[in-house]
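Chemist: Chain order of the listed sequences is A and B.
Read in our numbering, the first sequence has 344 at position 344, and its numbers run on one by one without any break.
Read in our numbering, the second sequence has 1031 at position 31, and its numbers run on one by one without any break.
Hints listed in this document are in silico derivations from the structure and should not be mistaken for laboratory results.
Being a predicted model, the structure only gives us computed values, none of them experimental.
We treat Cβ as the ideally placed atom computed from N, Cα and C, and that holds for glycine.
Mixed in with the good hints there might be a few duds.
Simulated restraints, written as ranges between beta carbons of each label pair [unchecked claim]:
no.: 1; chain 1: B; residue 1: R1015; chain 2: A; residue 2: R388; range: 13 to 21 angstroms
no.: 2; chain 1: B; residue 1: G1026; chain 2: A; residue 2: L19; range: 43 to 51 angstroms
no.: 3; chain 1: A; residue 1: L19; chain 2: B; residue 2: S1077; range: 21 to 29 angstroms
no.: 4; chain 1: B; residue 1: A1118; chain 2: A; residue 2: A343; range: 46 to 54 angstroms
no.: 5; chain 1: B; residue 1: I1223; chain 2: A; residue 2: A9; range: 42 to 50 angstroms
no.: 6; chain 1: A; residue 1: T363; chain 2: B; residue 2: R1143; range: 47 to 55 angstroms
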Amino acid sequence: MRHPVRALAQIAQITLINLRSLPQRLGTSLVVVVGIAGVVGVLVSVLAMGEGFRHTLASTGRPGRVIMLRAGSDAELSSGVDRDQTTLLAALPAIARDGSGRPLASAELVVMVDLPRKGESHPNNVPFRGVQPGAFAIRDELRLVEGRAFRRGVREVIVGRKAAQQFAGLDVGSRIAFRDSDWTVVGTFATGGDVHESEIWADAEVAMSAFRRTGYQSMTATLADGSQAGLAALTAAIRRDPRLSINVLREPEYYAKQAGVLARLITVLGYTVAAFMAIGATFGALNCMYSAIASRQVEIATLRAIGFGGAPVVVSVMIEALLLALVGGAAGGALAYVYCDGASLSTLNFSTFSQVAFDFRVTPALLGQGLAWALLIGAAGGLLPAIRAARLPVTTALRAV
Amino acid sequence: MADLVQVRAVTKSYRRGGETIEVLHGVDLDIARGDFVALMGPSGSGKTTLLNLIGGLDTPTGGAIVVDGRRIDRLSSGELSAWRAAHVGFVFQFYNLLPVLSAQRNVELPLLLTSLSAAERRRHAAIALALVGLADRARHKPRELSGGQEQRVAIARAIVSDPTLLVCDEPTGDLDRATAGEIMALLQMLNREHGKTIVMVTHDPKAAEYASRRLHLDKGTLIADGAGA
Ligand SMILES: Nc1ncnc2c1ncn2[C@@H]1O[C@H](COP(=O)(O)OP(=O)(O)OP(=O)(O)O)[C@@H](O)[C@H]1O
Ligand SMILES: [Mg+2]
Chain A
1 MRHPVRALAQ IAQITLINLR SLPQRLGTSL VVVVGIAGVV GVLVSVLAMG EGFRHTLAST
61 GRPGRVIMLR AGSDAELSSG VDRDQTTLLA ALPAIARDGS GRPLASAELV VMVDLPRKGE
121 SHPNNVPFRG VQPGAFAIRD ELRLVEGRAF RRGVREVIVG RKAAQQFAGL DVGSRIAFRD
181 SDWTVVGTFA TGGDVHESEI WADAEVAMSA FRRTGYQSMT ATLADGSQAG LAALTAAIRR
241 DPRLSINVLR EPEYYAKQAG VLARLITVLG YTVAAFMAIG ATFGALNCMY SAIASRQVEI
301 ATLRAIGFGG APVVVSVMIE ALLLALVGGA AGGALAYVYC DGASLSTLNF STFSQVAFDF
361 RVTPALLGQG LAWALLIGAA GGLLPAIRAA RLPVTTALRA V
Chain B
1001 MADLVQVRAV TKSYRRGGET IEVLHGVDLD IARGDFVALM GPSGSGKTTL LNLIGGLDTP
1061 TGGAIVVDGR RIDRLSSGEL SAWRAAHVGF VFQFYNLLPV LSAQRNVELP LLLTSLSAAE
1121 RRRHAAIALA LVGLADRARH KPRELSGGQE QRVAIARAIV SDPTLLVCDE PTGDLDRATA
1181 GEIMALLQML NREHGKTIVM VTHDPKAAEY ASRRLHLDKG TLIADGAGA
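For reference, chain B alone in the conformation it holds in the complex (with noise of 0.2 angstroms):
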């Protein structure tokens, strides 16, 4: 079976002013269905890059993209808006809840995109809630829950429309270390007894000890790709 995840000769350009700046200068990359890959590299190498294009958040300036057996670089951005519904979670570093809304209501969110009734949709969030630990603060707003509480939330809001691919963006950057210890082992949880692919962005060693496979981007350019664990 082909890897859910082949990105081919990817290269991205920024223009800045007048001069156009190549940010990933082809970069090749095969992720396997349930692997769990943390992509790390110093600042300003592109890690944000690269997971953008493979989230379809952007698309690439040359070379192809194929998640799941689709061409993702080249679709449209309306395309790719439903794309991403349907086939990838989101978690940031600073988790971006809406702070008006409920943990419940948050993880509610991508399911407004399907066609559940708002029953199912309660139902199902309360099972990424339950999932995640949280049951019991479906009904809390972002601003009183803690960080890791925030960031558990915001798992729960990408995991709960079941997407082909988790993509996370240095999603301990903001939490102290045992709490970042606990949402890594979150993570592991999802893709070893959920089967979840998840692609990580981080700069925290202890943090990419978690994944089955690190990857180093340095300047553009993937310049090892260390399996273990």
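The following block holds chain A by itself, in its conformation from the complex (with noise of 0.2 angstroms):
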């Protein structure tokens, strides 16, 4: 093309007329907008669920502090740590100490109880986590929204607040009975949308003798220094004591490998169901695109004879495609947005077999990936028409008045 300046001009005139005559083929052009918009929809609010998910988790804990598991387990429920080596660690001068001298760490231990969720019958698993009073001081993140701090010794907890919203019977005030132990609920907590928010918490003295425990599951505490010094100084400090075979991590990193399966499993999910999807959306693009041509072909050839080249056609005719396909992706991406953002779900964490309750989340991110994925489908359903259509022979085309 001798002038790009013409070259513009010319795909601009034949893209308008194109979509001109769009009003005529508002059907198949729906087909195509309502497909698209469906492969959209489907991959962000499900990528939307896997990024909320593992965002609860990694959100959760804060770099400055450690959680110390038996070694070998990856996970609190199938950790135990016991009475004397939680004393140990407590002492070790890597943890850190508050005004009064008192080290900054919680010995806690996690039972399931069964729940019924708010109008079902079925249990659930819920994380019931029994802590020393040390959570509350080394967890500044949490905040009572509701009633009251349990009292020592006493059957008393406090649920955190996506639990009280999504499990029956935990409002403030409540008795709820496990197999042999009746507590009351006296508080609602909040710790910024984090896993615990899923738990009901306990003194964990009380826990234990109710649940019949003897140990903890794990010890979770204030690194004195947080740096990556402090962090290795506590491990070296537990590797010097032979009583002592435990695994140092630092919350948000533990928390992430918790979300590491589910997440990884939603995520497959939404590609897979949305690749399906878009193969359909594909082969409605390209039929929508054919017929187009086929009802423009006279149009095209008397274009052509004109003088028109054929590159300008094949981009208007990709131009319309890729119009439709982001009408189809903003379309796709802002249902998401307004049914799924924020929209609260709890599920089983195959990790930690217990519900994790979390808010879709989409991101822009994600809304930018489902009109990549809009704007794809449009340029694989709209180039072999677009090729058929500049090499429309024109006196063929000519014929077919």
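From these two lone chains plus the hints, build me the complex, please.
Modeler: This is the structure:
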């Protein structure tokens, strides 16, 4: 093309002509838009689910805190730390102290209790965490949103905000019964949307006797020195003591690992379903663009006879396909955003076999990814028809009146 | 001065299925600058095929075609596009206007391939529309015009870029007698007063009478070259 500006003007003109005839092809065009909206809507909402799950776990914990588990276990439920070990761990100088010299550490036990979701009857696993008094000092993100804290030595619990929303009978003041213990809900707490909001908390000693446990699952502590050196000092001190066979992980690292399996599964599921739908949508787009070209072949041939080149025809058909795809992609993304963003869901975490409540997160990156899929489908559906349009033998097409 | 169009021993074959059908069997034809030629003949005799070759819409299987001193039978399809834009105006039986564009915009289309500014394009299109007597219909869409008016718009589109050659395939084939007469008078006016060279295919002897020369094609061969009028 000798004159790029003129080529652009040709493309613009042909595209405009194409788009103006869109209302006559509303049916097939809508099929494309709806098909692509479906792909993008499903893709974005499923990925938003994975994103929300990952975000919930990844936002749990602070880098300055560590969780200590029995060496060889990678989750609290499969770990066990006995009383003597927790005493030794809390005494290590690498662990921070409060103003009166008490270690900022909490030995904790976790048991799964059965509770039905609101409006359902079959029970779900809900984590019940027994914590030591230090738990509140080290988790400064925790705040009570209703009621008060449990008293030591009493069968009282505080309930995470999301657990209270999703499970029946966890309102402040209500009583809950497990195998052979009755508990009173005295408060509701929030921890900034992390996994602890799906838990029920009680005094560790009371929980231990109620559930007939003799040891803890883990110890969470604040590092005296949050740097890499501080962590190394703690690890080294633990390794030097033959009585301690303990693995130390920074909290964010631990929770990110917990998210792994399920988050990956959700992501794979999202891509798989979206890929199948995308194949369908691509055929829809192909069909639409082929019929658009068939219905316009005399127009295209007339333009070619007048002297318009093949390239502007190809480009204008592609632009039309991409525009339809963009409209579909935007609609799908908007639907996912409106209906899913912030919507709460609770699911079984395969790593811990406990319920984790989380919110869908429709992030700009996910929306961008959805639009990229839409454009890809549009391009795949538009390319062959566009090439056919340009290759259309002019004399044959002119006879097709 | 050499004739504007020189067709030499032109053959054209189509492949259909396994067999090759020769539609034009060595056509020789000269058309002088300023001529108005009517090409007649029975259906299937190859009139449209010959017209498309002269207009550069297609390339011959054999022979040579020279238009305005340029061999067009050897041009690539891209070169032919550019050549058509510069040298040929087409008028079709069914007008082939773009339904979504106004008469004015339809007439402007060929000018998009020139370096004229938008204002100049509008001016040229207005002049062409005035020439065909439709200055007052510039903003009408094709479906708001009668068949005769549509064909006038198509003729305005064919002449707007001042081409060397006007190529018309049954321009009155879809019109009633009276309207056909008006269209033929318009073409004759363009030929006589504006010096346009016209090659026209027609089935209608009345329409052919407006031409200065009538040719007959039968089964792919030119059988008569009756000068007249
Ligand atoms: N693309 C093609 N492929 C195969 N055969 C073709 C093709 N185009 C034209 N023909 C054949 O060539 C012959 C001449 O066709 P053409 O259209 O030139 O005739 P015509 O004289 O214009 O006829 P009509 O008066 O009906 O318009 C016909 O037999 C037609 O079937
Ligand atoms: Mg014909």
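Chemist: Now tell me if each hint is right for this structure.
Modeler: These are the hints, each one checked on the structure:
{"no.": "1", "hint": "R1015(B) to R388(A): 13 to 21 angstroms", "result": "holds, 20 angstroms"}
{"no.": "2", "hint": "G1026(B) to L19(A): 43 to 51 angstroms", "result": "holds, 47 angstroms"}
{"no.": "3", "hint": "L19(A) to S1077(B): 21 to 29 angstroms", "result": "holds, 26 angstroms"}
{"no.": "4", "hint": "A1118(B) to A343(A): 46 to 54 angstroms", "result": "holds, 51 angstroms"}
{"no.": "5", "hint": "I1223(B) to A9(A): 42 to 50 angstroms", "result": "holds, 46 angstroms"}
{"no.": "6", "hint": "T363(A) to R1143(B): 47 to 55 angstroms", "result": "holds, 49 angstroms"}
When each numbered hint is compared with the structure, no violation occurs for any of them.
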